[in-house]
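Quick mapping for you: the protein sequence lines, in order, are chains A and B.
Our numbering applies: residue 74 is where the first sequence begins, and numbers increase by one.
Our numbering applies: residue 74 is where the second sequence begins, and numbers increase by one.
Where hints are given, some of them may not hold.
[Claimed, not checked] Think about it this way: if two alpha-carbon atoms lie no more than 27 Å apart in a straight line, the pair counts; the simulated BS3-like pairs of lysine-lysine are: (1) B:K477 <-> B:K434; (2) B:K324 <-> B:K477; (3) A:K324 <-> A:K314; (4) B:K93 <-> A:K128; (5) A:K128 <-> A:K93; (6) B:K324 <-> B:K434; (7) B:K93 <-> A:K176; (8) A:K93 <-> B:K128; (9) A:K464 <-> A:K324.
These are calculated hints, taken from the structure and not from any lab test.
2 protein chains.
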Amino acid sequence: MDLVVQKYGGTSLGSAERIKAVARRVAGAHDAGNQVVVVASAMADTTDELISLAKQVTEYPDDREVDQLLSTGEMVSCTLLAMALRSLGYQAVSLNGAQAGIKTDSFHRRARILSIDPHRITRELDSGRIVIVAGFQGITEGMDITTLGRGGSDLTAVALAARLGARLCEIYTDVEGVYTADPRMEPEARKLADISYEEMVELATHGARVIHPRAVEVGQVYRLPILVASSFSNTSGTLIKGEVDLEARNKVRGIADDRDVAKVTILRVPDRPGIAAKIFEPLAEAGISVDTIVQNASVERFTDLTFTVSRNDLARALGLVEPVADEVGARGCTHDATLAKVSIVGTGMASSPGYAARMFKALYQAGINIELITTSEIRITCIIAEEQVQKAVRTLHRAFELEKPG
Amino acid sequence: MDLVVQKYGGTSLGSAERIKAVARRVAGAHDAGNQVVVVASAMADTTDELISLAKQVTEYPDDREVDQLLSTGEMVSCTLLAMALRSLGYQAVSLNGAQAGIKTDSFHRRARILSIDPHRITRELDSGRIVIVAGFQGITEGMDITTLGRGGSDLTAVALAARLGARLCEIYTDVEGVYTADPRMEPEARKLADISYEEMVELATHGARVIHPRAVEVGQVYRLPILVASSFSNTSGTLIKGEVDLEARNKVRGIADDRDVAKVTILRVPDRPGIAAKIFEPLAEAGISVDTIVQNASVERFTDLTFTVSRNDLARALGLVEPVADEVGARGCTHDATLAKVSIVGTGMASSPGYAARMFKALYQAGINIELITTSEIRITCIIAEEQVQKAVRTLHRAFELEKPG
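Start from the sequences and build out the full structure, keeping to the hints where you can.
Shown next, in the form of structure tokens:
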């Protein structure tokens, strides 16, 4: 008997009616002869409501308590889904992170899964039950509840699928799959039938919100195929997998955009060894994720150092960096929270020159100024003014002919 | 250092503002040099909202899943209270039933506490923390979440206080203590300074909702004093304890009323051994709690058998009893859900005759018909028409001169 892991996002579980619709879908997978494990997110808006409740009590809620609080959101949706399945005549049981054996480290709000003890899940499956697991949460060795950070339920699903030896992990969401660009930005965006792990990691890291990049990385490590599809329709979705036919398709696979970009520049930093560490260590300790780092060529032993963070982290980042800038004798800091980034991604790019030039030229011809550039093997990212991001996406979609099947 | 256990009910925790007010109270107990364990109920209405959510998904939600669902209510209020204490500068940690080591049997929705493993709580207290424990919930040996039934948080508080060796268990609620009658019914009702365990069990069992009778019973077993007081004021409350001065006070201590009464009568039951067991076994198996049972004197080997249940259970009780009535050859069943009961309670009653007669006479003179009568050592209960219950309470309050200090 095949084992399938399905994950449903918060929008798919946003009301009693939607939960019942998801139950019918899950039942269908069970009827098809599979053992089924479902990972559920909290019902839409629940997490925001809980955070808002915490903020009414205190401006700076403690991370350990926030995790204990947020974990209830997934427990609620899981029990409701189990009830809905039972009312359809199926045996189903909901498990929270602790019951499902999901052990994590103790970095609250951004914990990492250390191991999964599958005994309880396996026992429930073997007794014929559909198992509903609370996504996004785990438990430390000391029995404290942790959460896995943004996109954590995707990670729970893929990690469980890998641990249990599932043949497929299905991520059901409110979009129909992975597109060549965000369809709200570019009406001509085309759904991809498949995409490689590497490409998906790059797209997801740089703005495509359809699946969390850490989940794709885990899928890649375990060579586990991941299907991204809509919970509201029966269209085919996009399969994320290892081998995608490289030759027969356009080498740019997709465009990602991300408006959650804030830039900090430290002006006239003395160019001495150890300065960069001094600046970035406090950010790392504070759990602030730094995205792009650019250091200009040194002029007369001074340099400008620019990095980007998510907008939520800007105030905290400035608070940490400004004293260090003073201390090391820099001229000061500037910042800008009106930026966005646009990225082109494609495995073929690594081996073919000319993509960067084509990208910069297309943006230039559209009158879009590039503030920063960063690249990976299979991605080129430009940071531009936020107000130009839709124009940039549409310009690049046309320039790389993404509307045409690859 | 003394250890105090405080329990706060849902109304006391009904909003962010109220949670902050409770935090200040808890902080006060800590400032006074006590180690403090707080047991919190779910915020007012939360449990009802969760039940209503479950009912939107299925008419008959599974008990195991309901427990997993309801347990989130107390987790939310506990984390918020811990956050509020931290924002006041106190070290505080919230623990759910599993983390607090509260082990129960596996009868969902009405589990009983089997044992409490105090290690985690003791460790947190020893490190200077205020410990906030989720009331109403526990965990089975198999790691399934259970709830303790109505009033379960009171039980959690008293059981924890007993296990941890607290000198006092404080139950904070939205009333100022235990009254001679419900003050909404009888404006002349008087707050009692103290009351015995036995009296409190009878009052609570027969309608006084200020504390759950099981909690009082546990207090009695461990000779643990329980203070019932208001979380909204600083008045002195009522102390439930073992030794109350018997001579110096009126022998009726209080009047309880309860409108949640439904009566089932099985007509013309053959008077054979084993019939009563046949009727009540299915009710017990279905978890329906039968309150009063009255069997009339047998006439020509037939008898009428009457019992009362809570109104919520009436339909299920009839469904179980009607087939049995048919099977044993009774004439049929009647039922009435427009009844209420009124009880007088007092330890002194056991040794002094005449209380029953005084009660019946007072009700008769007020034109109130008595449908059923039951008694214990320290209680006399009359079942009457619901519409007459307030009149009955006021009549009895006057008849036994409860407005006068005892």
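(request) Mind checking the alpha carbons of K324 of chain A and K314 of chain A for me, to see if they're no more than 27 Å apart? (result) Cα-Cα ~17 Å, so holds.
(request) Take a quick look at whether K477 of chain B and K434 of chain B sit within 27 Å of each other, Cα to Cα. (result) holds (21 Å)
(request) Would you check the hint for K93 of chain A and K128 of chain B, treating anything up to 27 Å between C-alpha atoms as holding? (result) Holds: K93 of chain A and K128 of chain B sit about 12 Å apart, inside 27 Å.
(request) Decide if the proposed pair is consistent with the structure: K324 of chain B and K434 of chain B, CA atoms, cutoff 27 Å inclusive. (result) Given that 27 Å is the threshold and the Cα spacing comes to 18 Å, the pair holds.
(request) For the pair supplied as a hint, K464 of chain A and K324 of chain A, confirm whether the alpha-carbon distance does not exceed 27 Å. (result) It holds: about 21 Å lies between the C-alpha atoms, which stays within 27 Å.
(message) Does K128 of chain A sit within 27 Å of K93 of chain B, going by the straight-line distance between their CA atoms?
(response) Holds - the C-alpha atoms of K128 of chain A and K93 of chain B are around 12 Å apart, at most 27 Å.
(request) Mind checking the alpha carbons of K93 of chain B and K176 of chain A for me, to see if they're no more than 27 Å apart? (result) violated (33 Å)
(request) Could you grab the alpha-carbon distance between K324 of chain B and K477 of chain B and see if it respects the 27 Å cut-off? (result) holds (12 Å)
(request) For the pair we were handed, K128 of chain A and K93 of chain A, check the Cα-Cα distance against 27 Å. (result) With a Cα-Cα distance of about 32 Å, the restraint between K128 of chain A and K93 of chain A is violated, given a limit of 27 Å.
Hint compliance for this structure: hints 5, 7 are not met, and every other hint is.
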